[in-house]
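Two chains, two separate frames, one set of hints: put the complex together.
Here the protein sequences come in this chain order: U and H. Residue 4 is where the first sequence starts when you use my numbering, and the numbers rise one by one after that. Residue 9 is where the second sequence starts when you use my numbering, and the numbers rise one by one after that.
To be clear, the hints were calculated from the coordinates, so they are not data collected in a lab. Every clue listed holds true.
Interface residues of chain U toward chain H, partial, derived using beta-carbon atoms under 7 angstroms:
#1 Val58
#2 Gln170
#3 Val173
#4 Ala177
#5 Ile180
#6 Met262
#7 Leu279
Note that CB positions come from ideal geometry on N, CA and C, so glycine has one too.
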Amino acid sequence: MKWAALMVVLSTGGLLIFATDDFPPWRDPHSPASEHVSPRYIEKSMEETGVPNLVTAVLADYRGYDTLFETAVIFTAGIACFLLLRTYREKEKESRLYRHVHTGLIVEVEAGSRMREASEHFERADRLWAPDDLIIRTACRILIPFIQLFGLQVLANGHHTPGGGFQGGVILGASLILLALSRDLRTATRMMPERISGLLSASGVLVYAGIGTVCVLLGHSFLDYAALAPILFVDPVQARNLGILGVEIGVAMAVMATMIVIYGNVASAGYYDEGL
Amino acid sequence: MIWSLDLAVLTLVVGCGIAAIMVKDLLCAAILFGAYSFMMCLLWAIMGAVDVAFTEASVGAGVSTVFFVAAVFRTTRRTKD
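Only chain H is shown next, with the shape it has when bound in the complex (with noise of 0.2 angstroms):
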């Protein structure tokens, strides 16, 4: 294990977990969520768990962002009351 990319990869984790909850734009946060999701995936293969990374790419960065997305998309930019 490299811990200096671990440090990095695990800093991008933290620092997109944050970045998700703090944006207003809701799409911003699906899309932070994903990348959240890509470098968890990062943190899996590092420690040697490639089917949970395989999972978490597959599911968590890929198509669980398309559903937020598609959410997303079907809500309007104010609240209408």
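Extracted from the complex, chain U is given alone in its bound form (with noise of 0.2 angstroms):
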């Protein structure tokens, strides 16, 4: 079984790797891609959209339904994880552990007792993973500023760089899962709490769609950012450049938080206490 598996993987890849030989040569400035839409964006985008980086101009503009579906399937895997794992169940009552802050001993306290949730000298500690390394959490905690810095310059300068709204969400996300896997899962979620990073994941689509809904209501196309022009004052070159940059806001947004849903809901496994 186990050789007949071997033999459909290893024909179907030296099928594939024979079909590579009909690819045009890499580079090829008269490949069938290279002739038929690519001059038009080539010559064009620049003074149609004001945006120097061709990558964002498709992205956003000539390609804006990919992109918009591209957020919703984001926006949807995060949805999935919620449903499939979120719980809100009431775990069986177990002891917890607290972390004497000055001298790092751990306490257990017995399932039942009462114990204030922070105090000045007690924190809770994970069951499964309680490390408390000063070095991670310092180093981390001086890092996370300029990862977020970084991902938002990111966001901010899609236009010119490479990036964008998908790149930028990703690194502000990971920031956080940064905080969560450095301090522990509760600490991420009081700085973000689980309401606001859904709200922010759902709200990332609807600016998206409700972009692409007012070029409809103004009497142009669906995402046809020249619409904008009226309401914005500008001219419709100036309007697609900000269209451009108003809908990488919303795909960094719903990234950004779709990220934090599927990392909190998978590292504690649906119950949010506990995590990696």
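Written out as structure tokens, the structure is:
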């Protein structure tokens, strides 16, 4: 059986490699892909949208539908993780661990007995994985603001440099995941409550689709940002430029929040109390 | 394009890919998959697709590896049944 599977895989792979022989050579200016629509984008995108980064112009403007549904796919992945994993059932009562902040001693509090959640001297510790490393914690605390700034820079500079909403959103989400990794999930959830990340991931898609709908209401086709010129008081090229920025922000919001939702649900198996 | 660099990265991509499905330990597989993603990112950058390389680095090598590790963390070393 194993050999049969290996044969199938090898023959499929061999066929695929054999088929690459029919591809046009790499960087061939006369390949079908380069001759059909590419010249239009390369020659006209700067004067039509005012965006120097061709990839951003194609992704957010000429191929706006693709990016809208990509964002919807990310959102759906977040929803699926939430629906499959999130549980509001009460966990069986089990003893809790608290760490004495000044000495690092771990104290176990029996199930049912009362202990304040956060005090000056004690902080909650995870049962499964509770190392407390000062170096990691401090290094991450210093790093996280810079990572978030970098994420915002990638988002805002998508017009000029590689990057944009998707990458910026992932970097912003990763900064909060790093916080959850270096401290614990509760700290990250305090910074970004579950409700807010859920709301942000939905409203990111809403921002994208809303900008498209506004274009329809103003009498143009869906996601034709030139329609926004009268309400933004700019010329149509500038309006397309700003429209791209708007949808990039929507994408970043949706992606950032979805990453946090997925991580929180996967790491805590849906309970949102103790995680990696 | 420097052909020796290209060859080295391609070899590492194939090596990481095969190793990721061959190892028994799930955490090892997750980390190897992250390494595979990073090598793919280098490959995209070599081919001049910087935007794709950026996405691969942030999503493939960064966040998805963390998701895998988080999911592995929720498994047990031996199956219960």
